[in-house]
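Let the hints inform the model, and build the full structure from the sequences given.
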Amino acid sequence: MQKPSLPKGTRDFGPVQMARRTYILDTIKETFQLFGYQQIETPAMENLSTLTGKYGDEGDQLLFKILNSGDFSKDVSAADLEKGSGAILNKVSEKGLRYDLTVPFARYVVMNRNELTFPFKRYQIQPVWRADRPQKGRYREFYQCDADVVGTDSLVCEAEIVLMIRRVFTKLGLKDYSIKLNNRKILTGIAEAIGEAGKEGPLCVAIDKLDKIGWEKVKEELLQRGFEESSLDKLAPLVSLGSDFAEKIEFLKEFLKDSQTGLKGVEELEQVFGILSKMGENLDNIDFDIMLARGLSYYTGAIFEVKVHGVSIGSVSGGGRYDNLTGVFGLPGVSGVGFSFGVDRLYDVLDELKAFPAETHSGTRLLLTYFDQKGFEYALSLLNLFRNAGIKTEIYPNQVKIQKQFEFANKKEIPYVGICGEEEISTGKISVKDMVSGEQVKLSIKEAIGKIL
RNA sequence: GUGAUUGUAGCUCAGCUGGUUAGAGCGCUGGUUUGUGGAUCCAGAGGUCGCCGGUUCGAACCCGGUCUUUCACCCCA
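The first sequence lines up with residues 1 to 453 when you count with our numbering.
It should be emphasised that the hints constitute simulated quantities derived from the structure, not laboratory data.
Incorrect hints may have been included.
[Stated by the list, open to error] Below, in silico cross-link-like pairs of lysine-lysine (BS3-like), each with a Cα-Cα straight-line distance of 25 Å or less:
| no. | residue 1 | residue 2 |
| --- | --- | --- |
| 1 | K404 | K433 |
| 2 | K209 | K180 |
| 3 | K65 | K29 |
| 4 | K374 | K354 |
| 5 | K404 | K175 |
| 6 | K65 | K180 |
| 7 | K401 | K374 |
| 8 | K412 | K401 |
[Unchecked claim] Quick list of the computed label-pair ranges, beta carbon to beta carbon:
| no. | residue 1 | residue 2 | range |
| --- | --- | --- | --- |
| 9 | K8 | L283 | 38 to 48 Å |
| 10 | G242 | A355 | 23 to 33 Å |
| 11 | K136 | N398 | 37 to 47 Å |
| 12 | L89 | T364 | 48 to 58 Å |
Computed from a prediction, not measured in an experiment: that's the story for all the values here.
A virtual CB, placed ideally from N, CA and C, is assigned to each residue, including glycine.
Structure below.
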């Protein structure tokens, strides 16, 4: 007999964890629906050709590939083996597990373009898999909760994303967090303004580490990546910018005055704020972070990232605007914007903050107990009466000592125990014991239902 | 993928520089209570010391490999 174990980076979820996960998921789901998003699901596996090349070289490495069924090595020659794993991959595997929900969604939109009504708002809550090295808040199997709208470039969508994030966080009782907001065009503009046009990619990667490693180290890294000393001097004033919104915007308008794209980015951001204020909303929890980058290369406009303060978990949500997501699948010119909640990380955050509400009354309310065969049969006859009244009721299935049955109720934190003995049977009643207070009263079935409901 | 780190009873951990039958708390099982749980008391069960191999008279402890945990880098929810 071998000891069973789980694959690296995967977890089981017990009853308590599942109750908490559904609490988070229901909150998110309800919010998405409130904003008019419709749910879809896509298969766990996609054709490898759908997935590869969408996440960069790093991403391709992290894809879980599925071995072909049957004799998977029949097409592999000795010469292929010589060339290494790259040469045999497409001969042994043609499917892979989904890496995120955005790419499968893009595929879905392209395949169903004639049936969909645009702008199309969909949400999707499913697990994704990454062959990453597990760490705190990082798993190989985890859930994403995506909401995207495609077929419109309206900035109302951006504003609504902010509102959805805020609503979910409020419902979950989280107050100390910030929705970091930036615009890819501003980053492009900054690269242009400092004389390093087109290099916003490496610029972002390095600058993203500012909090962690400091300006000096960031400078070092940028020099290594081929940035000019003079460019970095121009960049310096941005790094030390204050936190005031208006101040930042004014500064950027001046700083980016020669960059069409950059100014467009600033304008878009202002518009999002404008829409929020027309909706009667404030800018609470919003943090315009000029240095927010985010890795995914397909973002072209707004970018979001949400961090909860005072916890060791990384970002719990992120997203952005993409102008041409479906282009690779042959449908160009479809703009979209979307974001995603990481349930597993939200769980870790709530856990760390001890912010889960006390156990809800989702479990059994009443356990019917008895002493002997007669009582057992009496209890059986009562089961449906309680259940039909809407009370979650169970009976201890094996005839054991009544102590056992009480212990069972105690461990499962069942609040009421109904006792079926001689006296109760002869009077057609039931003794109901409140397991918290210890009080016990003999009641008619009707009265019992009234008490427990 | 690179560099570290962890692994002893169901859980949390002891186990001194390698030396005889590996311990504790909690939990679990049974009893104290033959119509009653959560508290007390009594008794008991449970471990191939992650796995494989090596060094040694002798390994939980030393060495190598492997898996797993956690962490940094990379990247990300």
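Going through the numbered hints above, which ones does this structure break? Give me the numbers in ascending order.
3, 4, 5 and 6
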